[in-house]
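Let's have the full structure, built from the sequences with the hints guiding it.
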Amino acid sequence: MNGLELFWVGLANAFSPLNFLMMLTGLVIGVLAGALPGITMLNAIVLVLPFTYSMDIVPSLLLMTAVYGGGIFGGSITGILFNIPGDPMNVPATWEGYALHRKGHVAKALGVAIMASALGGFLSCLVMTLVSPPFARVALSFSATEYFAVVFLGLVSVVVINTRSVASSLVCLFLGMLLGTIGIDDTFGSARFTFNSRLLETGINFTIVLIGLFAIGEVLEQLCERDKIPDQGLKERPKVSLMTPREVWAFKGPLLRGFGSGTMIGMIPGAGATVASFVSYGIERQVSRKPEEFGKGSWDGLNATSSAINASTGGAMIPLLTLGIPGSGATAVMMGAFLMHGIQPGPLLFDKAPESVYTIFAGMLLCNLIMIFAGWVCSKFFSELMRVPETIMGAFIIVFCFVGAYALRNDTSDLWYMAFFGVLGYFMRRYRLPIPPLVLGIILGPLAERYFLTAMIASNNDVSVFFTRPVSAGILLVSIGMLFWPLLQARMNRRKAAAQAAAVAGS
Amino acid sequence: MKQRLLLCAFLCFLVLFGGYAGALAQEKYPSRPIDFICTWGVGGGSDQMVRTLAKLTEPILGVPLPVSNKPGASGNSGTTDLLAAKEDGYTIANYIADTLATVAAGQTRYKSEDIEWIVRTQNMPSFLFVKTDGPFADIHALLKAVKENPNKIKMAGLGFGTIDDITLRYLASKGYKMTLVPNPNPGERYASVLGGHNEVLYEQAGDIRQYLEAKQLKPVIVFAEKRFPAFPEVPCSKELGFEIFMPQFRCVIAKKGVPADRVKILSDAFVKAMQTPEWKKFNQEQYADEASTLAGPEFGRWVDGELKTMQRLMKEFGILK
Numbered sequence: 001m002n003g004l005e006l007f008w009v010g011l012a013n014a015f016s017p018l019n020f021l022m023m024l025t026g027l028v029i030g031v032l033a034g035a036l037p038g039i040t041m042l043n044a045i046v047l048v049l050p051f052t053y054s055m056d057i058v059p060s061l062l063l064m065t066a067v068y069g070g071g072i073f074g075g076s077i078t079g080i081l082f083n084i085p086g087d088p089m090n091v092p093a094t095w096e097g098y099a100l101h102r103k104g105h106v107a108k109a110l111g112v113a114i115m116a117s118a119l120g121g122f123l124s125c126l127v128m129t130l131v132s133p134p135f136a137r138v139a140l141s142f143s144a145t146e147y148f149a150v151v152f153l154g155l156v157s158v159v160v161i162n163t164r165s166v167a168s169s170l171v172c173l174f175l176g177m178l179l180g181t182i183g184i185d186d187t188f189g190s191a192r193f194t195f196n197s198r199l200l201e202t203g204i205n206f207t208i209v210l211i212g213l214f215a216i217g218e219v220l221e222q223l224c225e226r227d228k229i230p231d232q233g234l235k236e237r238p239k240v241s242l243m244t245p246r247e248v249w250a251f252k253g254p255l256l257r258g259f260g261s262g263t264m265i266g267m268i269p270g271a272g273a274t275v276a277s278f279v280s281y282g283i284e285r286q287v288s289r290k291p292e293e294f295g296k297g298s299w300d301g302l303n304a305t306s307s308a309i310n311a312s313t314g315g316a317m318i319p320l321l322t323l324g325i326p327g328s329g330a331t332a333v334m335m336g337a338f339l340m341h342g343i344q345p346g347p348l349l350f351d352k353a354p355e356s357v358y359t360i361f362a363g364m365l366l367c368n369l370i371m372i373f374a375g376w377v378c379s380k381f382f383s384e385l386m387r388v389p390e391t392i393m394g395a396f397i398i399v400f401c402f403v404g405a406y407a408l409r410n411d412t413s414d415l416w417y418m419a420f421f422g423v424l425g426y427f428m429r430r431y432r433l434p435i436p437p438l439v440l441g442i443i444l445g446p447l448a449e450r451y452f453l454t455a456m457i458a459s460n461n462d463v464s465v466f467f468t469r470p471v472s473a474g475i476l477l478v479s480i481g482m483l484f485w486p487l488l489q490a491r492m493n494r495r496k497a498a499a500q501a502a503a504v505a506g507s
Numbered sequence: 508m509k510q511r512l513l514l515c516a517f518l519c520f521l522v523l524f525g526g527y528a529g530a531l532a533q534e535k536y537p538s539r540p541i542d543f544i545c546t547w548g549v550g551g552g553s554d555q556m557v558r559t560l561a562k563l564t565e566p567i568l569g570v571p572l573p574v575s576n577k578p579g580a581s582g583n584s585g586t587t588d589l590l591a592a593k594e595d596g597y598t599i600a601n602y603i604a605d606t607l608a609t610v611a612a613g614q615t616r617y618k619s620e621d622i623e624w625i626v627r628t629q630n631m632p633s634f635l636f637v638k639t640d641g642p643f644a645d646i647h648a649l650l651k652a653v654k655e656n657p658n659k660i661k662m663a664g665l666g667f668g669t670i671d672d673i674t675l676r677y678l679a680s681k682g683y684k685m686t687l688v689p690n691p692n693p694g695e696r697y698a699s700v701l702g703g704h705n706e707v708l709y710e711q712a713g714d715i716r717q718y719l720e721a722k723q724l725k726p727v728i729v730f731a732e733k734r735f736p737a738f739p740e741v742p743c744s745k746e747l748g749f750e751i752f753m754p755q756f757r758c759v760i761a762k763k764g765v766p767a768d769r770v771k772i773l774s775d776a777f778v779k780a781m782q783t784p785e786w787k788k789f790n791q792e793q794y795a796d797e798a799s800t801l802a803g804p805e806f807g808r809w810v811d812g813e814l815k816t817m818q819r820l821m822k823e824f825g826i827l828k
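Listed in order, the protein sequences are those of chains A and B.
Numbering (the numbering used here) for the first sequence: 1 to 507.
Numbering (the numbering used here) for the second sequence: 508 to 828.
Any given hint might turn out to be false.
[What the hints assert, rightly or not] 20 Å max Cα-Cα, derived EDC-like pairs, lysine to aspartate or glutamate:
{"id": "1", "chain 1": "B", "residue 1": "Lys787", "chain 2": "B", "residue 2": "Asp775"}
{"id": "2", "chain 1": "B", "residue 1": "Lys593", "chain 2": "A", "residue 2": "Asp411"}
{"id": "3", "chain 1": "A", "residue 1": "Lys352", "chain 2": "B", "residue 2": "Glu720"}
{"id": "4", "chain 1": "B", "residue 1": "Lys659", "chain 2": "A", "residue 2": "Asp462"}
{"id": "5", "chain 1": "B", "residue 1": "Lys562", "chain 2": "A", "residue 2": "Asp56"}
{"id": "6", "chain 1": "B", "residue 1": "Lys661", "chain 2": "A", "residue 2": "Asp186"}
[Stated by the list, open to error] Example chain A residues on the side facing chain B (calculated, C-beta under 7 Å, incomplete):
{"id": "7", "residue": "Val46"}
{"id": "8", "residue": "Leu140"}
{"id": "9", "residue": "Ser143"}
{"id": "10", "residue": "Thr187"}
{"id": "11", "residue": "Phe188"}
{"id": "12", "residue": "Thr202"}
{"id": "13", "residue": "Pro269"}
{"id": "14", "residue": "Gly324"}
{"id": "15", "residue": "Gln344"}
{"id": "16", "residue": "Gly346"}
{"id": "17", "residue": "Pro347"}
{"id": "18", "residue": "Ala458"}
[Stated by the list, open to error] Here are a few chain B residues that face chain A, going by a calculated C-beta distance under 7 Å:
{"id": "19", "residue": "Gly579"}
{"id": "20", "residue": "Ala580"}
{"id": "21", "residue": "Ser584"}
{"id": "22", "residue": "Lys661"}
{"id": "23", "residue": "Val688"}
{"id": "24", "residue": "Pro689"}
{"id": "25", "residue": "Pro691"}
{"id": "26", "residue": "Gly694"}
{"id": "27", "residue": "Glu695"}
{"id": "28", "residue": "Tyr697"}
{"id": "29", "residue": "Gly702"}
{"id": "30", "residue": "His704"}
{"id": "31", "residue": "Arg716"}
{"id": "32", "residue": "Gln717"}
It should be emphasised that the hints constitute simulated quantities derived from the structure, not laboratory data.
Ideal Cβ positions, reconstructed from N, Cα and C, are used throughout, including at glycine.
Next up, the structure:
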């Protein structure tokens with residue numbers, strides 16, 4: 001059978017009642033888990049893993065990929081509704097989405113997040129279905145040097161986003177990176193900033209920081225400004241309005257750019273949805289025709305980042321299926337599921353079980369389409385929560401946070417960390433320090449450090465390696481350009497203004 | 508009336524107390540689920556081992572063995588949890604050679620004497636792998652190239668101070684110097700060798716089965732005293748004159764102080780589970796040694812020996828001062 005025939009067989013299989021049910025269940029579980037702060041997408045996949053032992057590999061994989069796609073998107077819902085991103089990759093969507101919500105566009109913002117995520121995911125799965133092998137070879141040609149360049153781009157993107165103060169962004173970013181170094185370091189195994197305490201040796205988990213800063217911080221802030229907000233929730237029935245085809249066409253630029261960067265970054269082992277989310281957002285800020293809207297509710301930004309996070313799912317599946325390399329936590333669990341069923345993912349998978357592979361391909365494509373429906377239902381459900389008075393909602397959020405934080409690694413010290421970062425989050429809001437750079441620093445800092453050290457060790461401490469390899473040089477130049485372009489622009493504007501002033505004074 | 512009520516209450520109390528005391532007196536071990544801590548992440552080699560073993564042991568012990576993953580600090584996060592639990596035999600964990608290496612290096616708060624070594628489940632020799640279509644046909648070609656270009660050839664391994672590092676330093680002491688490129692993430696580590704960024708991979712065969720089956724990677728040397736049956740053409744380190752044999756092992760442990768009869772019950776159950784065809788198939792797929800099973804005091808002595816070897820080599824190569 002050739003590829004196309006296999007694809008039709010796969011599509012027919014995907015529509016079998018069991019497979020279809022698995023996808024729908026997986027999506028709902030994923031979206032719900034993603035939306036709850038503390039229950040991450042990864043937790044949800046681990047949670048469904050034991051149920052897959054008694055199933056065939058195809059329904060198991062479809063269930064897990066559905067949880068994966070749904071979980072990545074789900075956090076955007078709570079981000080847009082409550083300013084609490086469910087997972088780190090939903091931070092940019094929260095930033096734009098919540099701003100749009102405050103402007104009164106909540107229904108449309110949810111709709112855009114759903115559609116953009118589904119479209120990005122669909123397109124990346126199409127890439128996965130059609131051109132997996134060549135893309136996998138591209139992914140293999142990347143080494144630690146290129147990984148570092150991509151992560152660096154992610155770090156830079158957050159600095160340029162905040163228009164209010166680059167200095168405060170940098171302070172928070174470096175603070176995050178500093179916090180990220182706490183614990184036993186990966187490369188040399190040395191203890192850093194642990195002060196001989198067991199609490200610090202295990203390091204600070206970034207999901208805990210995220211929950212603390214965003215969710216607990218937000219609730220504390222609401223608590224302290226209680227007299228300013230009404231004690232009842234929303235009166236009218238909240239709506240979720242999806243994008244029309246015309247709107248999709250109008251946003252084709254951000255959608256395609258998000259899809260492109262998301263798929264590419266998804267393929268890189270170790271990076272995944274979070275890096276994709278920030279990089280695509282940063283790029284969009286540079287090329288958008290309305291860069292001034294960023295941070296204050298930009299449709300371009302929301303489209304690009306939502307498309308990128310789900311596009312990373314197709315990208316991440318490429319090295320898993322074609323090479324047997326799990327790049328992220330989610331794909332590592334799926335790899336575990338493959339192995340538990342006695343199947344080795346990798347190049348032989350296409351020869352040994354072509355029908356299964358194509359059923360997974362077709363299923364993932366289908367899954368992204370069903371996600372529009374599942375996302376809409378879940379968004380409606382979460383929107384209903386807006387009618388609950390904020391004070392009661394706040395109490396529930398705190399409970400969920402504690403449960404989620406404990407479930408993460410079964411460690412009570414994480415609860416203390418979460419409480420600490422919650423208070424820190426409150427004060428950061430009070431003193432108008434931006435929170436996303438801190439979160440980004442603690443997530444990407446350790447990654448950047450590890451890739452940098454690996455590249456250095458592999459090149460005998462020759463720094464020029466970052467600029468002699470074309471891909472890495474290209475990405476780094478773009479990052480540096482992004483970093484200095486605003487400064488240059490400001491200077492040129494000032495010079496122009498000065499020249500005009502001189503001309504006015506001279507006449 | 509009141510008296511009768513009091514009496515009734517007293518009787519109720521007695522019944523309850525008696526029942527409770529009786530239950531205590533004849534409590535049979537195990538009478539409730541045994542927590543099985545996996546000290547490494549979901550989906551990895553240790554996780555598969557723990558889950559397979561738990562599934563096969565449940566019917567033998569008659570209680571569930573729920574698995575929880577507690578990864579971090581080379582397996583020491585989960586071990587610390589185990590040592591914080593009660594020594595009643597209701598908490599067990601897995602343990603591997605890489606974690607023992609951190610004990611040898613003196614990086615841990617506990618010592619090997621704090622652990623009750625129940626049973627060794629898998630003993631897997633380590634190999635060096637190269638790309639099948641790469642420049643090295645066999646170990647001799649590789650060693651020749653290493654000797655001619657000291658420190659130019661790169662080996663992907665877990666990290667500094669690990670057993671990978673010890674083996675590498677041993678080879679360097681014999682005049683074969685390679686550069687260790689550490690990477691704790693297995694996916695990235697394999698990708699770096701498949702993509703040609705590093706020439707050599709230090710690993711156990713079971714972890715990279717898919718690349719072996721697809722003939723992308725091939726083993727060139729096994730660090731053992733004998734050749735490995737699955738790869739009869741691959742020379743072992745002993746025949747090449749390298750006296751270094753650091754196997755990766757996986758085992759089940761408890762906290763020291765668990766009553767001896769309970770340790771015996773656990774150990775017997777695991778040994779029985781490891782005689783099932785399912786386990787034998789699993790172990791074969793993982794390229795584990797056929798004689799992996801080792802229990803009782805004999806296993807404890809074996810661990811001691813491994814620990815001493817690690818410490819000796821670490822001192823010799825300057826990892827441990």
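A quick look at each hint next to the structure:
Between Lys787(B) and Asp775(B) the alpha-carbon distance is near 17 Å, which keeps this suggested pair within the 20 Å criterion. Taking the CA atoms of Lys593(B) and Asp411(A), the gap is about 17 Å. The hint holds against a cut of 20 Å. A distance of roughly 12 Å separates the Cα atoms of Lys352(A) and Glu720(B); the hinted pair therefore holds under the 20 Å criterion. A hinted pair counts as satisfied when its Cα atoms are at most 20 Å apart, and Lys659(B) with Asp462(A) qualifies at roughly 13 Å.
Only pairs whose Cα atoms come within 20 Å are accepted, and Lys562(B) paired with Asp56(A) is accepted, the gap being roughly 18 Å. A C-alpha spacing of about 19 Å is found between Lys661(B) and Asp186(A), which places the hinted pair at or below 20 Å, so the restraint holds. The beta carbon of Val46(A) comes within 5 Å of a beta carbon in chain B, closer than 7 Å, and the hint placing it at the interface holds. Below 7 Å, beta-carbon pairs count as interface contacts, and Leu140(A) has one with chain B at about 4 Å; its hint therefore holds.
The beta carbon of Ser143(A) comes within 4 Å of a beta carbon in chain B, closer than 7 Å, and the hint placing it at the interface holds. Given the 7 Å rule on beta carbons, the hint for Thr187(A) holds: about 5 Å separates it from the nearest Cβ of chain B. A hinted interface residue such as Phe188(A) counts as satisfied when its beta carbon comes closer than 7 Å to some beta carbon of chain B; here the least separation is about 5 Å, so the hint holds. The interface hint given for Thr202(A) is met, as the beta carbon of that residue sits about 5 Å from the closest beta carbon of chain B, less than 7 Å.
Taking 7 Å as the C-beta cut-off, the interface hint given for Pro269(A) holds, the closest approach to chain B being about 5 Å. Interface hint at Gly324(A): satisfied, since its Cβ lies 4 Å from the closest Cβ of chain B, which is below the 7 Å cut-off. Taken as an interface hint, Gln344(A) checks out: its beta carbon lies about 4 Å from the nearest beta carbon of chain B, inside 7 Å. About 4 Å separates the beta-carbon of Gly346(A) from the nearest beta-carbon of chain B, less than 7 Å, and the hint is met.
Hint status for Pro347(A): holds, given a least beta-carbon distance of 4 Å to chain B, under 7 Å. Taken as an interface hint, Ala458(A) checks out: its beta carbon lies about 5 Å from the nearest beta carbon of chain B, inside 7 Å. For Gly579(B), the interface hint holds, the least distance from its beta-carbon to any beta-carbon of chain A being 5 Å, beneath 7 Å. The interface hint given for Ala580(B) holds, since its Cβ lies 5 Å from the closest Cβ of chain A, which is under the 7 Å cut-off.
A least Cβ separation of about 5 Å between Ser584(B) and chain A falls short of the 7 Å threshold, and the interface hint therefore holds. At a threshold of 7 Å, the smallest CB-CB gap from Lys661(B) to chain A is about 6 Å, leaving the interface hint in force. The interface hint given for Val688(B) is met, as the beta carbon of that residue sits about 5 Å from the closest beta carbon of chain A, less than 7 Å. Below 7 Å, beta-carbon pairs count as interface contacts, and Pro689(B) has one with chain A at about 5 Å; its hint therefore holds.
Because the smallest distance between the Cβ of Pro691(B) and any Cβ of chain A comes to about 5 Å, under 7 Å, the interface hint for this residue holds. Proximity of Gly694(B) to chain A holds as hinted, the smallest CB-CB distance being about 5 Å (cut-off 7 Å). Because the smallest distance between the Cβ of Glu695(B) and any Cβ of chain A comes to about 5 Å, under 7 Å, the interface hint for this residue holds. Because the closest C-beta pair between Tyr697(B) and chain A is about 6 Å apart, less than 7 Å, the hint holds.
Interface hint at Gly702(B): satisfied, since its Cβ lies 4 Å from the closest Cβ of chain A, which is below the 7 Å cut-off. The beta carbon of His704(B) comes within 4 Å of a beta carbon in chain A, closer than 7 Å, and the hint placing it at the interface holds. The criterion of a C-beta within 7 Å of any C-beta in chain A is met by Arg716(B), whose closest approach is roughly 6 Å, and the hint holds. Using the Cβ-Cβ criterion of 7 Å, the hint placing Gln717(B) at the interface with chain A is satisfied: the shortest such distance is roughly 4 Å.
Hint check: no violations occur; every hint is consistent with the structure.
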